[in-house]
Every structure is written in structure tokens, then in C-alpha cells.
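J.: Spelled out, the chains give:
2 protein chains.
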Amino acid sequence: MEVGVISAYSLKYELRTPKEVWDMIKEVTEGVIRKVDKGISEEEIDLVIVSNFSDRFGGLLHTAPLVISHLGLNSTKGFRVENACVSGGTALYLAWNFLKSGLVRNVLIVGFEKMSYLPSSMEINEVLMLAGHPDEVLVGSPFVSLYALIAAAYMSKYGVKEEDLALIAVKNHENGLRNPLAAMQKKISVEDVMKSPYISWPLKLYDSSLITDGAAALILSSEPRKYTDAPVMIRAVAMHHDHPGVFQRDDLTALRAVKKAGEEAFRSAGLTPKDIDVMEVHDAFTIAEIIVYEMLGLANRGRGVDLVRNGVTTFNGEIPVNPSGGLKSKGHPIGATGVGMVAEIYWQLRGEADQRQVPDAEVGLVENHGGTGATSVVAIFGR
Amino acid sequence: MEVGVISAYSLKYELRTPKEVWDMIKEVTEGVIRKVDKGISEEEIDLVIVSNFSDRFGGLLHTAPLVISHLGLNSTKGFRVENACVSGGTALYLAWNFLKSGLVRNVLIVGFEKMSYLPSSMEINEVLMLAGHPDEVLVGSPFVSLYALIAAAYMSKYGVKEEDLALIAVKNHENGLRNPLAAMQKKISVEDVMKSPYISWPLKLYDSSLITDGAAALILSSEPRKYTDAPVMIRAVAMHHDHPGVFQRDDLTALRAVKKAGEEAFRSAGLTPKDIDVMEVHDAFTIAEIIVYEMLGLANRGRGVDLVRNGVTTFNGEIPVNPSGGLKSKGHPIGATGVGMVAEIYWQLRGEADQRQVPDAEVGLVENHGGTGATSVVAIFGR
Numbered sequence: 001m002e003v004g005v006i007s008a009y010s011l012k013y014e015l016r017t018p019k020e021v022w023d024m025i026k027e028v029t030e031g032v033i034r035k036v037d038k039g040i041s042e043e044e045i046d047l048v049i050v051s052n053f054s055d056r057f058g059g060l061l062h063t064a065p066l067v068i069s070h071l072g073l074n075s076t077k078g079f080r081v082e083n084a085c086v087s088g089g090t091a092l093y094l095a096w097n098f099l100k101s102g103l104v105r106n107v108l109i110v111g112f113e114k115m116s117y118l119p120s121s122m123e124i125n126e127v128l129m130l131a132g133h134p135d136e137v138l139v140g141s142p143f144v145s146l147y148a149l150i151a152a153a154y155m156s157k158y159g160v161k162e163e164d165l166a167l168i169a170v171k172n173h174e175n176g177l178r179n180p181l182a183a184m185q186k187k188i189s190v191e192d193v194m195k196s197p198y199i200s201w202p203l204k205l206y207d208s209s210l211i212t213d214g215a216a217a218l219i220l221s222s223e224p225r226k227y228t229d230a231p232v233m234i235r236a237v238a239m240h241h242d243h244p245g246v247f248q249r250d251d252l253t254a255l256r257a258v259k260k261a262g263e264e265a266f267r268s269a270g271l272t273p274k275d276i277d278v279m280e281v282h283d284a285f286t287i288a289e290i291i292v293y294e295m296l297g298l299a300n301r302g303r304g305v306d307l308v309r310n311g312v313t314t315f316n317g318e319i320p321v322n323p324s325g326g327l328k329s330k331g332h333p334i335g336a337t338g339v340g341m342v343a344e345i346y347w348q349l350r351g352e353a354d355q356r357q358v359p360d361a362e363v364g365l366v367e368n369h370g371g372t373g374a375t376s377v378v379a380i381f382g383r
Numbered sequence: 001m002e003v004g005v006i007s008a009y010s011l012k013y014e015l016r017t018p019k020e021v022w023d024m025i026k027e028v029t030e031g032v033i034r035k036v037d038k039g040i041s042e043e044e045i046d047l048v049i050v051s052n053f054s055d056r057f058g059g060l061l062h063t064a065p066l067v068i069s070h071l072g073l074n075s076t077k078g079f080r081v082e083n084a085c086v087s088g089g090t091a092l093y094l095a096w097n098f099l100k101s102g103l104v105r106n107v108l109i110v111g112f113e114k115m116s117y118l119p120s121s122m123e124i125n126e127v128l129m130l131a132g133h134p135d136e137v138l139v140g141s142p143f144v145s146l147y148a149l150i151a152a153a154y155m156s157k158y159g160v161k162e163e164d165l166a167l168i169a170v171k172n173h174e175n176g177l178r179n180p181l182a183a184m185q186k187k188i189s190v191e192d193v194m195k196s197p198y199i200s201w202p203l204k205l206y207d208s209s210l211i212t213d214g215a216a217a218l219i220l221s222s223e224p225r226k227y228t229d230a231p232v233m234i235r236a237v238a239m240h241h242d243h244p245g246v247f248q249r250d251d252l253t254a255l256r257a258v259k260k261a262g263e264e265a266f267r268s269a270g271l272t273p274k275d276i277d278v279m280e281v282h283d284a285f286t287i288a289e290i291i292v293y294e295m296l297g298l299a300n301r302g303r304g305v306d307l308v309r310n311g312v313t314t315f316n317g318e319i320p321v322n323p324s325g326g327l328k329s330k331g332h333p334i335g336a337t338g339v340g341m342v343a344e345i346y347w348q349l350r351g352e353a354d355q356r357q358v359p360d361a362e363v364g365l366v367e368n369h370g371g372t373g374a375t376s377v378v379a380i381f382g383r
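So the sequence lines, in the order shown, correspond to chains A and B. Position 276 (the first sequence) corresponds to 276 in the working numbering; numbering is contiguous. Position 128 (the second sequence) corresponds to 128 in the working numbering; numbering is contiguous.
Hint data in this document are derived by calculation from the structure and do not stem from the laboratory. In this text, all values refer to a predicted model and were calculated from it rather than measured experimentally. Everything hinted at is true.
Cβ-Cβ distance ranges computed for the label pairs, FRET-style:
no., chain 1, residue 1, chain 2, residue 2, range
1, B, 233, A, 101, 17 to 25 Å
2, B, 120, A, 309, 50 to 58 Å
3, A, 121, B, 352, 50 to 58 Å
4, B, 100, A, 159, 48 to 56 Å
Interface residues of chain B toward chain A, partial, derived using beta-carbon atoms under 8 Å:
no., residue
5, 59
6, 84
7, 101
Note that the Cβ used here is the ideal one computed from N, Cα and C, for glycine as well.
Next up, chain A with everything else stripped away, as it sits in the complex (with noise of 0.2 Å):
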């Protein structure tokens, strides 16, 4: 059974949208649909999944029957699905299950998170946290302070300094501005970084990816061709896990449901790292793009900042990396950042990325993780 993307809608982030939650979900709902080649019906939408982290970032539960009642009613079935940052890779892994088992012919993913909700960021801090191991949360450690030994632990252990890990801010920072949907257009330079104030050392302001709202949309489809002669199709989804707590692991500088999840992606593609053209991968925080290149093979242990220093990942370089800015200047509104990704890829292969767009992408990969780690999701699209 092929499976492919046929529809991918979304919305510009933003620090603070003015809108309410209901109606993101609703405008992204309606453009994805509306946004078919050759159009789709309501109800040939066979399955609905949402894709959210907390009820406090939106004030919204019990959400796929509001988006089947928006579609019509029909019969439609839904549910939520919530796994930390990767709750979008994880719609995208079910999705792509219901479609290849038969079980459902068309299905809607709806992303969203409206983290403005709550008023500060030391609120919008605790409930991120609670997507920890119980014991971190108990001992109060946010994940910048997680990702945080684990950037000192690599930089210890392979001798890189903290203007290497800012080279992945400039990057994404740079491509950022060439995408109308980034919530912060903003270039910045290797001192900007450095001059920012540390969250916890050796992490600082420009290592950490964005508090966002926003919201997005994709439609996959076991029939791609009935709907678009331009789909962009599944070639692989895989989904591996870890310990949750850093604490657990016995090696601080690896994130191996990423390893797994990259392996198994491209072992079921057939595919190796080179022939991808272009990737968006989880950049919650600098050190973690470094590591996903070392995870996905692109790069031996300890040079994955080599990439980004040669211009390998660069907008120009020969597979760009998170060209869409990326979650450090798109930014990262939790269940709509793995949607959004996939929405990129979905762009990139069809050409229609305008400014941001890589030439000649065939070949695209996604890559979203949760927590520290502790879920990953590697898929695979081809044209």
C-alpha cells in the first residue's frame, strides 16, 4: 500500500497570536482541505488526529471530535495523541499505520499549541518539565538544564567549544528569514550568541529554540493520485524510544531512539544518508542538531559541527538542513512542530518553497524527538 502526503497547511508562527486557539485549529482544518489539487470531501476524511502536549497550552481537551464536528460529522473517527515534542511525529507513525493496514483510506492530522496561554515562562517551564523522567521533575530541572549536560558532557568529551554549538543558531537563524512562516525573522551572528545571557551554562538565550504558538495540517492518503498528480510519498516512518531520564543513560552525548529511529528509516526505505537532499530535524537546542547528524550517519561521533562549519547543512550546502529555520527561529509551538516539519518536507519536494526552496529535493527526512529523547521519530519522503 503507498501511502502519501496529499495536503499540508499552516500557519505562521508567532510568539503571542491574537487569535484563539478553536480558531487556529479550525483556519488550519479548512486550508488543508481547501488546499487539495484536485479537492477532497469532508467526508472522505476517514480518521482525525490531534497532535497537542497540555490542555494548558490552549485550554482545549477532547479536541478530534470538535474538528469531525467541524468537517460534518460524517463518520469520521478521531482522537488526540500526546507524546512531549514529538506528539506530531507520533500522529504521523499512526496515521501511517491506519493507511498501510487498510484500516482507513484518508486521514487529517491537526497540530496545534498556543503556549502564550499561560502568562509566563516560568508556568509555561513547569508544564514543559512534566514531559521529564518524575525524578527530574521532582529535583525542578527544566530541559534547558538537561540539554545542558548533555551539551557539556559532549563538549567535554570531543573538545568543542560553545562558538561551534552557536554555528547551528546562525544557520537556522539565516535560513529563518527566507520563511514567512518563521516566528522570528532575525539573523544573527556567532557573537550575538556568545553575548547572550546563559539559561544554564553552557547553554545561552540563542541555543534554545523558540516559545511559540501556531498551528498546522497535513492530509495523507493510501490513494495519493485520486487527490493530486504531485503527491509527496511515505517511503518510511520509524518510531524508537530511550530512557527518559538523562540520568539513566550510560552514554550523556548519544540520543539513541534517534540512532534507532534513523536506522530503521532508512533500512526500510533502502536509502543511506546521502541520498537525502534536504532534512528538518528537531533543534530544540543547539547541541541537539549536532547530535542528530551524528545519530542519522551524516556524520562521524564528535564532527557533527564539522557539517554546519564546512557549509555541508547550510542553505547552500549539499543537504541542507532545516531550511525552514528550523524550531530555533520558526520556533516550536510543541504539537504543531513535528505537523509543521512534515509540512516543509511536503513543500520542499513539490518545489513550492519559494525563497527557501532547495533545488532538485527529491528525497527529504524528518526528524522529531521528545523530551531529551526519550521518543524519536525518523520518516522518509520521496517525490
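Given the coordinates of chain A, assemble chain B onto it according to the supplied hints.
T.: For chain B alone, coordinates are given in the frame of chain A:
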């Protein structure tokens, strides 16, 4: 592909548990694995589905990888699902689809909710309300008010009295007396119900289910006889939806999602209501159980109350409903509720329900719904 339940485990539900929520989850996870007749090893669990309503009822997110890590990591996959009070039923629906498609062989479902995590019933209600339509949330309608509208419309249309609704509460409290897992073991009379304070006319305190802490777990398998000589087979699982807002419906006295799910489940199993020996249904409020009788075809419209008045659905009747005590007496720890209902039917069909055993129970039914019926799952089980 035949799919069966091969193990069930539940904590005693409590109005306020002293246990940490992570300890509750570990306890049911270990318990349900230990209870498999012929044993199962952790690495045989292919998929973990967590059912939990809100992180405000326990302070955990990204819970599936915690459970998977506790099982030893292996290659198990997992995610959390949420569909309000039918999160457990939705987990069953997903597990059943994954199993019958051959995608996985063994699925662990873990449902939990620690509602006492929030200090006041006012705050608890503010979270529960989010499962309604945003316009209902906007005007501040808690579920008891929405069900009160339904109850008032039903009473007016069919000439039913508050004393009639009370019969459901009396029956389910009577049943709960025999269930050591029930949160409230207290015999009540119609007079007690009538004397209890109005929460939202015509619904009183004793018409309402309990705010409860609890956790329950199931293991489902597509090779059930490998693990037990007495599996409880799943004959059908159906999920349907209705418009979430009570104001959106043309008949306040119907629960259309329940009706459609029931019809599909009976058709799919090749059975009729007369074939059912025991049922667990979603008595969030007394009026709900009466309407569910009618939606499932046990009684004509407006005549549901006759079933309890004439003893048909009481413990010694032809079709005992809620022998566990139901949400009314056993309790309603949201994410655990649907999981616990299936556990009760598993024990009933295996003849392991001790003092509350329904004699010769061979076919059982679970009806679990969410919101004011925006989502309903109906499942039928057989020996």
C-alpha cells in the same frame, strides 16, 4: 485475526490516594504482566498505549516512554491517547485495530488519573469542562449542568421523575458494596438521593459519579491462547462521534454516538442486546445510564427506567449493568475508567468476579463515552 484480552489489573479506586502517580502506573504495569496465566516477558510487549486525560491530574506527560523504560526498553513503541472520559475506550479501539491488522502482537494499555492532584473540586471542574465545546467552556458550563439540561429535557419529554433517576444511583451503590475495588462502598436509598443537595437541577449529589484517583491496565494479544487457556475474546470494538456541544444537537435526549457505536458493535459481532449477559456502561450521571439503555436497544425511548424499576439491570436481573458499581460507586478516574470497565468484563467472563460474579456470564459489553457523548466506544467480548 482473533484478538483477546489476556490480563487485567486494577488498583482499588480511591477518593484521594496517598500514592504518587508514577508509583500507581508502575504498580498496574507490573501487576498486569504478573497476572498473565502462562506468563509474558516484557520484550513481548510490542506497543504501550497510555490513557490519561490531563497532566493536571497527575503531573505527568510523555508517559509512554516511562512505561517502556520500566519494561526494559527493548523495541516496544508507545504513545498516550486522549479522548476525554473515553480515553480508555479509545486506547482499546486503537489496540484492537493494531492487533487485528497484524502490526503488533501484544499491546499493554495503562490508564490512570489522579484527580486529587488538584486541591479543590472547583479547580478539578475547570479542567473537566475543557472536554466540552469551546462555547460551553466560555459560558462556564460544567458537565453536571450540561447533563442537567439533558435530564430536564428527558424528564419533560417522557414524564420521568427525579425519583426514577435515583433508582440508578441506588442500584450502582448496591453493586459497589460487593466490589473491593470501588471507591465508595455505601448503601443508599431513593430517599437519600432525593435528600442530597442539588448540584444543577434536576441532578443532585447522588446522581453524580465520583471524582476519583485510580489506575488500571490490560494486555491484549493476537495470540491469546499462547498466554492463557481462558482469554476473553474481543468480538467487536466500535467508535463513533456526535457534535460536542449540547446546543448543537437537535435532540437533547439522545446520545447519538452511543447509538451508532452500539449498532456497529452488535452488527459486527453478529449479536443483539438479548445476547449480552453483563454490561459496564458510562453512568457519569444517572440520566446517562438510562439513555444508554435506550441507545443500545435494551429499551424503547423513554422506557429505560423500567429496566431498573423492574429489576432487569439490577444485580440479579437478566442483564446486570454495572456490577462493579459503575462510575457512580466504583468511581471515575478518567483515564482509567474505560480500562477498568474492560477489566471488570474480563473478570466477569472468566468467572473471577468473586462476590459480584454474574452467574454464567459468557458475553459482555462495555460502553464508555466522553464529554456529553461526543465520543463513544462500544465493545463486545465473549469467552
